[in-house]
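S.K.: Listed here are the chains, written in short residue letters.
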Amino acid sequence: MNAEPTDGGFRNGPLTGPLTGLAEAVFGEIAARLQALADSGEESVIDLRSLPLTPGDRRELEERLGHGEVCAGLDVGGLSEVWECGYAGVWWVRHLGEDGMPRSEHIEIAAVPAILVTHAGDIASAAARLQRDAARPAKEDTRHA
Amino acid sequence: MTLLDVARGPALEFAFAVFAIGVAWRLLSVLLLPWATERSAKRPGTPSRAMGAIGLFVRHLWPAGPFRRNALFITLNSYVFHLGLAIVVFGLAQHIVFLQNAFGVSWPSLPSGVVYVVAVITLATLAAALAHRLTSPVLRLLSTFNDYMSWFVTAAPVATGLLAVSHLWAPYETLLAIHILSVALLLAWFPFGKLMHSFLVFLTRSETGAFYSRRGVEI
Amino acid sequence: MPERETIGDVLARRGVSRRALLKYTSTLASVMALAPAASRAMADALAKAHRQSVIWLSFQECTGCTESLTRSFNPNIGDLIFDVISLDYHETLQAASGFAAEAAREAAIAANKGKFVLVVDGSVSTKDGGIYSTVAGKTNLQLLQETAKDALAVIAVGTCASFGGLPHADPNPTGAVPVSDIVKDKPVINIPGCPPIAEAIAGTVAYIVTFGKLPDLDQRNRPRAFYGDAIHDRCYRRPFYDQGLFAASFDDEGARKGWCLYELGCKGPVTYNACATIKWNGGVSYPIQSGHGCLGCSEPDFWDKGGFYKPLSTNTGNDAEIVGAAVAAGAAVGVASALIARHRKRKAQTAKAAAKTEGQP
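For the record, the sequence lines run as chains A, B and C.
Mapping of the first sequence onto our numbering: position 6 corresponds to residue 6, and the numbering continues sequentially without gaps.
Just remember that our numbering sits 1000 ahead of the position in the second sequence, which is counted from 1.
Just remember that our numbering sits 2000 ahead of the position in the third sequence, which is counted from 1.
No lab work stands behind these hints: they were computed from the structure.
Possibly wrong hints are sitting among the right ones.
EDC-like, lysine to aspartate or glutamate: derived pairs with alpha carbons at most 20 Å apart [to be verified]:
no., chain 1, residue 1, chain 2, residue 2
1, C, LYS2352, B, GLU1013
2, C, LYS2279, A, ASP122
3, C, LYS2345, B, GLU1038
4, C, LYS2184, C, ASP2150
Distance ranges between label pairs, derived from CB positions [as the list claims (entries may be wrong)]:
no., chain 1, residue 1, chain 2, residue 2, range
5, B, ARG1140, C, ASP2170, 44 to 54 Å
6, B, PRO1171, C, GLY2291, 40 to 50 Å
7, C, ILE2340, B, GLU1038, 16 to 26 Å
Yeah, the Cβ is synthetic: ideal placement off N, Cα and C, and Gly gets one too.
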């Protein structure tokens, strides 16, 4: 996953879009927000889809942020890609639909991006299901209907 | 029907009709007037009527010696204004499609940025012309409603056009509608005010030139 | 009908994780330009909310709006909207027909009285008592009036329901009017477009369910989240407009270079919709990106604006004929006034000559 930088399918114009300097501005914004996270623990999100980034800007931003230690893939209503950037606490989150087309893309400045945290409701229902499945013989199809 | 629909449709229809009626009326009523009988003999060695007319026209492109000092500003300002207006009207792509739609001919457009700069300069010359009219005691005394109205209907399309392309102050559809309405006002006022000089200047200067040159007078 | 279940219960029963819901709300938050962090709050609120009962009525329409909503979403994540709402009546999608369908509608209205959201696609015929569009002997007009009476709010989906649309186009033979002309005592949200963007329909409904209130609307009652910007303002070809670089035909050099389509009649500058940002078919493209100007389909009377290929800066009237007639009229007046002047001159000359003769001894 993420072997090479893509434009994420956000073809906002010619594929070899020019650089508008917006990536620089977003980079500065991320820096300020990461400082806030370090100082006060304040988490924040920057929605990339609503910014008029050209594909060139997007690529520039992705290259400047780089890739860090963590990379996760989700299979939930289509694939999602999440990776920690070269700066700890900065996460790139890209949601694709079942058709492989992007649905949303954002930068999350947090210890863990929200989509990776297991929700209490899901834990409760999984616990109940596991209890039930543990009481059943192993060969039966135990997956949730 | 939105304001823009009114502007592009009925307002322009009305303006075109008034413009066409007025211009045809005023031109024909002047051109078909009986010519005054020429009672003086043509001076020997003076040019033909046509050459006399052209000669005066060319000489009057620049103020004559004694007037040059006083008329320099208004002459220069007027030149810049007329050239600027022509560049804006005939150079902007959006105007060319309008004219193409009306007359069926088209030509390459100028870069929009160039036209914007020229439009700003044109608007500045209009402001200068008004300031001059208001501050010069003689000119002020001579000025009538016709002068101010003719200034207003000329300045309004330039100003509203600049607003429309810059998308300032209001949504584009409103600005475009106001711009087109201001052009409609210009067209409707045109035949009845001083703007008619765009046609009549050729008649008056030519006739004056022909009249005086026959008598051997060069003005 | 599991309407007392919360949406969270429904999703849990279907094995849809909260991550899926969060992914859905983060998409919604993005397309609705909400604060990005709102997606988590939205997911929590949605999970706790009850499914919104929706009754969908189709009048003078082509079913394109329903197609837009049902076909453009991909499975799982997109069809979450159908977990958020309980679509209790929709003639095109339901299995029931005939008397059973009529009974289903009445039952749905009775069960959700005062609580359901009424979605309408299609315009309402009013001429001759509305007889030009009827279902089971009832005119659309009657059906709308009696159903809207018990609705919480009305959503007019598509340009026909919002502004009259195609049936309203000149000469409007059926006397078609938009929903808002009939329903005056309930909030009416317009989601115009021919068809509207699916995300705009789903997003608006999801917003109502999540926040329990109507979204912020513009002067034409369209949600600002989707209709706040002109296509032109978000168009990737905008820089070409600013530079004055226009395609003059659909196959010239300018068209190949992707220049602005203003001269080919693009209505993007006066059209408010989200096509340039959300795009169509899961974000693949939108008309201008595919090389054709915007038709202005989310604006009132888009059929009667002088032509899809007429540039915005041109006149729409029948001006050649008018100018021809006006020149003739002006010429007649001009000739008449010149003749009068000549006549006066002659008269004056005759009088002068007569006076001269008389004066002589």
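S.K.: What hint numbers does the structure not satisfy?
M.R.: 1, 2 and 6
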